[in-house]
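J.: Read off the chains here:
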Amino acid sequence: MSAPTTPGQVRDLVADLLREHDPATTDRRAFLEARWAAGLAWVNFPVGLGGLGAPRALQAVVDEELAEAGAPDNNPRRIGIGLGMAAPTILAFGTDEQKQRFLRPLWTGEEVWCQLFSEPGAGSDLAALGTRARRDGDDWVVTGQKVWTSTAHTARWAILVARTDPDVPKHRGMTYFLCDMTDPGVEVRPLRQITGEAEFNEVFLTDARIPDAHRLGAVGDGWKVAQTTLMNERVAIGSRAVPREGGMIGVVADTWRAHPERHTAEARDRLTRLWVESEALRLAGIRLRQQLAHGAPGPEGSAMKLAFARLSQALSGFEVEFLAEDGLRYGDWTMVRPELVDFLGRDAGYRYLRAKGNSIEGGTSEVLRNIIAERVLGLPSEPRVDKDLPWKDLPR
Amino acid sequence: MSAPTTPGQVRDLVADLLREHDPATTDRRAFLEARWAAGLAWVNFPVGLGGLGAPRALQAVVDEELAEAGAPDNNPRRIGIGLGMAAPTILAFGTDEQKQRFLRPLWTGEEVWCQLFSEPGAGSDLAALGTRARRDGDDWVVTGQKVWTSTAHTARWAILVARTDPDVPKHRGMTYFLCDMTDPGVEVRPLRQITGEAEFNEVFLTDARIPDAHRLGAVGDGWKVAQTTLMNERVAIGSRAVPREGGMIGVVADTWRAHPERHTAEARDRLTRLWVESEALRLAGIRLRQQLAHGAPGPEGSAMKLAFARLSQALSGFEVEFLAEDGLRYGDWTMVRPELVDFLGRDAGYRYLRAKGNSIEGGTSEVLRNIIAERVLGLPSEPRVDKDLPWKDLPR
Amino acid sequence: MSDPDLLYSDVEVDLRASVRALLADRADPAAVLARVVGERPLDLDLWRTLAVDVGAASLPVPEDVGGQGAGFREVAVVAEELGRAVAPVPFLGSAVLATAALLHLRDQQDDPRTAALLTRLAEGATAALVVPLSAFHDGPLPAVAADGDALTGSVRSVADAGAAEVLLVPAGDALYAVEASDAVVRPVVPLDLTRPLSDVELSAAPGVRLAGSGAAATRAALLAGAGILASEQVGVAEWCLDTTVAYLKERYQFGRPLGSFQALKHRLADLWQEIALARAAARAAADALATGAEDLEVLVLTAQALCAGVAVHAAEEAVQLHGGIGMTWEHPVHLFLKRAKADEIALGAPGAHRTRLAALVGLAG
Amino acid sequence: MSDPDLLYSDVEVDLRASVRALLADRADPAAVLARVVGERPLDLDLWRTLAVDVGAASLPVPEDVGGQGAGFREVAVVAEELGRAVAPVPFLGSAVLATAALLHLRDQQDDPRTAALLTRLAEGATAALVVPLSAFHDGPLPAVAADGDALTGSVRSVADAGAAEVLLVPAGDALYAVEASDAVVRPVVPLDLTRPLSDVELSAAPGVRLAGSGAAATRAALLAGAGILASEQVGVAEWCLDTTVAYLKERYQFGRPLGSFQALKHRLADLWQEIALARAAARAAADALATGAEDLEVLVLTAQALCAGVAVHAAEEAVQLHGGIGMTWEHPVHLFLKRAKADEIALGAPGAHRTRLAALVGLAG
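Protein chains in written order, with the UniProt record's numbering: chain A, 1 to 396; chain B, 1 to 396; chain C, 1 to 365; chain D, 1 to 365.
Treat the hints with care, since some could be wrong.
[To be verified] Rough simulated footprint, nothing fancy, chain B against chain D, three-plus residues with beta-carbon under 8 Å:
{"no.": "1", "stretch": "3–17"}
{"no.": "2", "stretch": "244–251"}
[What the hints assert, rightly or not] Pairs of lysine-lysine, DSSO-like flavour, derived with a Cα cap of 27 Å:
{"no.": "3", "chain 1": "B", "residue 1": "K99", "chain 2": "B", "residue 2": "K305"}
{"no.": "4", "chain 1": "A", "residue 1": "K387", "chain 2": "A", "residue 2": "K224"}
{"no.": "5", "chain 1": "A", "residue 1": "K305", "chain 2": "A", "residue 2": "K99"}
{"no.": "6", "chain 1": "D", "residue 1": "K249", "chain 2": "B", "residue 2": "K305"}
{"no.": "7", "chain 1": "A", "residue 1": "K224", "chain 2": "A", "residue 2": "K305"}
{"no.": "8", "chain 1": "A", "residue 1": "K392", "chain 2": "D", "residue 2": "K249"}
{"no.": "9", "chain 1": "B", "residue 1": "K387", "chain 2": "C", "residue 2": "K249"}
{"no.": "10", "chain 1": "C", "residue 1": "K249", "chain 2": "A", "residue 2": "K387"}
{"no.": "11", "chain 1": "B", "residue 1": "K305", "chain 2": "B", "residue 2": "K224"}
{"no.": "12", "chain 1": "D", "residue 1": "K249", "chain 2": "B", "residue 2": "K387"}
{"no.": "13", "chain 1": "B", "residue 1": "K224", "chain 2": "B", "residue 2": "K387"}
{"no.": "14", "chain 1": "A", "residue 1": "K392", "chain 2": "A", "residue 2": "K224"}
{"no.": "15", "chain 1": "A", "residue 1": "K387", "chain 2": "D", "residue 2": "K249"}
{"no.": "16", "chain 1": "B", "residue 1": "K224", "chain 2": "B", "residue 2": "K392"}
{"no.": "17", "chain 1": "C", "residue 1": "K249", "chain 2": "A", "residue 2": "K305"}
{"no.": "18", "chain 1": "A", "residue 1": "K387", "chain 2": "B", "residue 2": "K99"}
{"no.": "19", "chain 1": "C", "residue 1": "K249", "chain 2": "B", "residue 2": "K392"}
No lab work stands behind these hints: they were computed from the structure. Glycine included, every Cβ here is placed at the ideal spot set by N, Cα and C.
Please construct the entire structure, taking both the sequences and the accompanying hints into account.
T.: Given below as structure tokens:
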């Protein structure tokens with residue numbers, strides 16, 4: 001069978017699936033496995049790995065048809081790291097055994113994944129990381145500390161980058177692993193944030209053992225492999241258009257409309273400025289999706305991330321100020337571990353504090369500006385002092 | 001006679017001067033020369049050089065008393081570069097002959113000075129300058145191009161920094177000279193600005209000859225000597241307090257008040273923000289003068305220059321926008337050479353365009369931020385690539 | 001409300017290439033600077049080539065009256081390129097404002113005189129809508145009095161009127177066509193050297209009253225103009241960013257290219273980001289004008305409220321980051337600063353746009 | 001109108017040193033964080049030492065009623081230091097707002113009960129002015145009803161009321177003293193963990209009516225509070241800048257100290273510049289409060305309109321430039337962010353300050 005190339009062709013395949021596995025009567029897990037087997041999990045993946053080798057754009061057709069038919073999905077928000085970061089990297093660098101072993105339970109959600117990249121001493125400068133992996137027979141023995149790990153407490157597996165050779169410059173001495181989170185050397189502790197919640201975790205690795213069979217890519221190629229992971233993180237934009245006043249602007253505009261007694265002309269003008277920028281950001285998202293659909297994505301995704309962070313911070317800051325006396329209060333400081341993060345959830349104070357993370361997580365706005373300046377505008381890089389020094393000799 | 005230390009003492013000296021040289025009947029030039037001889041030109045200068053070796057703060061007392069008595073002054077705005085930059089440098093580094101020759105006509109205004117520092121290829125990075133001075137017998141022969149020279153067309157003398165040794169790193173190969181502007185090798189051309197006016201000049205030096213006797217400081221010490229000049233440029237702040245709504249805010253607030261029919265709440269709020277910042281800037285100026293009077297000046301002068309540039313730009317931009325249809329027009333694009341610069345003069349469009357220079361002239365806002373970050377906040381400097389290379393090998 | 005098409009079509013890409021090539025050839029910044037301080041600031045030869053040979057004047061004019069029957073999306077592409085070159089041609093006054101007013105009248109009511117005027121414009125004649133360049137579609141219009149068909153009044157700061165053969169004069173609820181020779185058109189000194197302004201004086205000037213509501217047509221034209229102006233502003237901003245990036249790459253200070261200094265890099269990255277959003281907003285406005293979208297006014301106001309400031313910001317950054325050279329008359333960046341600043345006021349200032357927008361989207365009252 | 005004295009006097013410098021030493025010893029950020037999430041967020045032991053031993057509570061109280069007869073300049077210096085430490089003590093509620101209200105009443109009219117209350121406060125008792133922390137001196141006051149001397153009403157979000165022995169309750173044109181035990185004071189969850197808020201409920205609570213216009217005294221106290229708050233905001237901003245500078249000096253990325261990256265350096269330089277202006281404005285407000293300057297209200301409004309935003313900006317930059325660590329509960333920077341944000345709303349938001357200021361300086365109407 002050659003790969004489908006038109007919406008009509010995949011619609012037929014979806015119809016077949018639905019005919020053979022009526023969502024109304026099929027168990028969720030069974031349905032997802034049947035969908036996997038039919039290559040309708042991610043159509044752009046190869047045949048045999050949940051896909052059909054078809055154009056990525058056709059996935060939207062599948063998702064839409066299945067949603068209309070009331071079919072269960074794999075709860076993609078819950079397993080976002082696996083789908084968005086681990087899967088494309090395993091596909092690109094994994095051995096056949098690794099692909100067969102990991103991709104299916106990853107996609108069905110049977111096995112949740114997390115990411116062990118950032119360290120307390122290596123944030124924006126990820127390549128400076130110091131978690132050590134030493135070879136010991138058929139295993140690697142890993143010791144170090146990772147941070148900002150969401151879903152670590154529910155995850156079965158992790159993608160992990162560790163330093164295997166401290167004697168070479170930092171970009172060259174790292175290796176990429178798939179780490180079993182149930183290993184006794186892995187300890188997960190909640191990391192409380194300024195909101196009071198603990199969305200993330202710290203992960204302490206103490207002589208955690210990883211079989212060499214769970215190494216992804218060659219020894220010393222960790223940086224290259226990690227680039228694939230991070231690239232996929234950055235291109236992950238929603239596939240559906242946001243309606244006007246979707247997102248933070250909608251929440252804040254609602255707050256505004258709910259309190260006409262507090263309206264002032266200066267506050268209205270400030271909110272309108274933010275409304276304008278939010279609408280432009282929304283339009284930029286539509287434009288980016290149209291570019292993707294035409295197969296020519298621009299670099300505007302990074303503009304959108306910058307603008308998103310700035311706007312969510314400005315809007316939520318405006319809201320707290322606008323609420324005046326009500327803005328002086330907070331819902332609850334009790335430490336909880338939310339299942340899913342909702343930037344717009346809870347109260348104005350929460351939104352304000354949580355939004356502060358938007359310019360840090362997933363690449364700080366500062367690093368993003370460096371990337372735009374150098375890769376989009378072609379401006380020269382700064383003088384580098386850390387390119388050729390062995391990692392162990394870097395000042396820190 | 002020991003130096004006076006109290007206001008009373010200098011008041012007595014002023015009274016003596018006024019008694020012997022009644023301003024009402026004394027010729028301006030003669031009065032200024034008498035004032036010089038009495039040491040009341042700049043009381044902090046040494047005796048014999050127009051001063052009394054007295055505290056600088058006492059100068060304000062002299063100026064006030066003389067102004068009250070209706071005495072002529074030396075028109076300090078016209079000779080600002082001589083007074084503010086050349087004089088302190090000559091005092092600090094000049095030979096006795098140089099001090100005797102140059103300071104008196106400089107102060108009386110008989111000889112106007114200009115500054116030949118900046119070059120088309122050396123703006124913020126002054127030490128990169130390329131104007132060459134080669135030794136030839138008792139003279140130096142100077143060739144190069146200088147730019148942004150105000151009063152060059154009326155100046156008799158210039159302070160000049162030129163490169164005397166291109167084979168050493170840039171900071172070490174410069175020498176400081178006093179240049180005769182009437183030398184046939186000196187050509188002055190007006191430099192037209194975006195306002196249409198030509199406030200400044202380009203100065204072309206073609207084998208201009210400067211006797212070695214007009215070298216200021218040692219050969220190769222030009223950078224050190226120039227630092228004294230530039231330091232004095234930066235500390236030059238007005239000695240009198242600005243009244244509330246003095247400066248650009250006053251002009252723009254007047255425009256606002258003159259057009260009540262155009263008022264909107266959003267424009268009012270924007271103007272009020274700028275009013276607040278302008279008032280804070282004014283207060284910061286008062287505070288800085290109070291620190292100076294207490295002999296403990298802080299680094300706030302650079303904060304004020306940054307804020308001044310930002311505010312004059314924001315205010316004049318606001319004014320043009322507020323004037324709407326009138327803001328679409330300009331007074332006159334004819335090239336004129338103004339005698340004195342008045343940032344607040346002419347019309348709103350002129351103010352808007354002229355204010356753009358405020359963040360460039362006398363040290364760009366970018367360089368000022370570097371200086372604040374490193375010298376005030378103590379942040380580390382960036383990696384330098386130009387410190388040890390010979391000037392001639394620098395990339396440019 | 002379906003999503004607007006925010007990409008450039010192949011036709012639009014080709015059109016852009018033609019206009020850009022023409023302007024590179026005939027309106028490089030040095031030539032523009034030399035021209036605009038001379039006796040005849042508008043380049044009417046260039047305008048004829050652009051209007052007739054490239055067809056920029058006839059783009060939105062329907063085919064049955066001699067136009068191309070394209071739409072405002074293509075007009076916006078031309079505006080972008082003209083912004084990138086601050087080209088001194090009467091495109092905004094004639095091919096946008098005057099043409100849009102006539103198109104609106106024609107949509108209201110068939111009038112052979114309106115059709116004839118459209119044909120004349122499509123063939124390369126130049127017209128001007130006699131309103132101050134600062135007029136806002138939701139604000140007051142100038143008060144010209146009509147006594148029968150004799151028009152009296154004066155209107156200040158009219159864009160592109162100096163080159164117009166025909167003046168379209170709103171008076172009362174009507175729009176009148178006046179031959180330029182029947183009016184006094186006095187050039188004034190503009191802040192933006194590249195868009196000449198005139199005061200227009202009418203003393204019982206004979207006008208031809210065109211059928212339909214002239215006030216509605218004028219307001220529609222001002223709204224269309226504001227929408228197209230957003231694309232011009234994107235072009236202005238883009239030139240400023242590109243030119244500054246190029247300058248900072250080649251200019252060395254402290255032994256390094258200026259463009260390697262992080263503080264400058266971050267400012268340029270922010271500017272690029274602003275322009276990316278501005279472009280999306282400007283494209284949405286142009287598409288809405290082309291399709292007559294239901295939320296046209298919201299999209300135009302959004303684009304103007306955003307793009308006006310982005311162009312000014314880009315031009316101000318360009319002047320600052322060029323250092324001293326950016327303050328000189330010789331360097332063209334000041335032409336862009338002046339254009340950006342005048343554009344900010346043109347067709348309503350951002351404050352007015354926001355105020356109206358707030359009312360439209362339910363943030364007022 | 002002579003120039004205000006904007007320097008710190010020798011006495012003020014000494015006072016600052018004592019307060020700073022005490023806070024370094026007893027209220028380092030880790031201790032503050034541990035305390036404010038506990039049962040008793042206010043540190044009343046520290047408050048007693050500060051109020052009585054250092055004398056911070058009696059500074060502006062005249063000597064004849066047991067105070068030090070100093071002025072609001074000194075109060076402002078204490079506020080700056082308390083801001084630098086986000087120390088959880090009821091200084092603003094008691095030593096500023098309540099005290100200022102009583103001082104104003106006493107200036108209006110002699111009343112031994114007012115004097116006695118001032119003495120009580122100077123001796124270390126704690127009071128609270130029963131208004132929401134967000135109350136603005138030129139805005140509405142809470143509506144507590146007085147039936148004879150029995151007070152009924154509820155007031156939300158009162159600062160420092162949890163620790164107060166005496167509540168000063170504005171009702172009608174009067175100010176009443178109510179013993180805290182006669183009211184229900186219910187702690188609420190505040191955004192700013194270091195300044196506890198309470199809702200105060202009065203049900204026919206017995207009040208002692210103090211002579212003079214309580215409304216005028218309340219408004220004067222709110223104005224004084226706003227002026228002093230500016231100094232607190234300068235202290236908050238300064239801590240944020242200092243702490244961030246120190247962090248960026250020691251933290252390496254890409255083989256260099258983060259503080260050597262120019263984009264960060266420029267942002268910190270800008271912040272320093274803002275704080276330099278904010279300090280001048282805050283000092284001017286404090287001096288005007290001390291001297292009763294004619295332009296007191298203008299200077300307080302200027303200071304508040306500026307300093308509120310500077311503190312928020314400094315705190316937001318501090319969080320961002322600390323990167324991930326600044327988002328953690330463990331690092332104290334969030335305490336400063338929350339304080340800065342709550343302070344922005346406290347005693348009138350900047351928008352309200354600007355609106356009133358515009359009227360005062362002739363920019364309105």
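J.: With reference to the structure, classify each hint as holding or not holding.
T.: These are the hints, each one checked on the structure:
no. : hint              : result
1   : 3–17              : holds (count 5)
2   : 244–251           : holds (count 3)
3   : K99(B) - K305(B)  : 31 Å, violated
4   : K387(A) - K224(A) : 15 Å, holds
5   : K305(A) - K99(A)  : 31 Å, violated
6   : K249(D) - K305(B) : 26 Å, holds
7   : K224(A) - K305(A) : 23 Å, holds
8   : K392(A) - K249(D) : 20 Å, holds
9   : K387(B) - K249(C) : 21 Å, holds
10  : K249(C) - K387(A) : 22 Å, holds
11  : K305(B) - K224(B) : 23 Å, holds
12  : K249(D) - K387(B) : 22 Å, holds
13  : K224(B) - K387(B) : 15 Å, holds
14  : K392(A) - K224(A) : 20 Å, holds
15  : K387(A) - K249(D) : 21 Å, holds
16  : K224(B) - K392(B) : 20 Å, holds
17  : K249(C) - K305(A) : 26 Å, holds
18  : K387(A) - K99(B)  : 54 Å, violated
19  : K249(C) - K392(B) : 20 Å, holds
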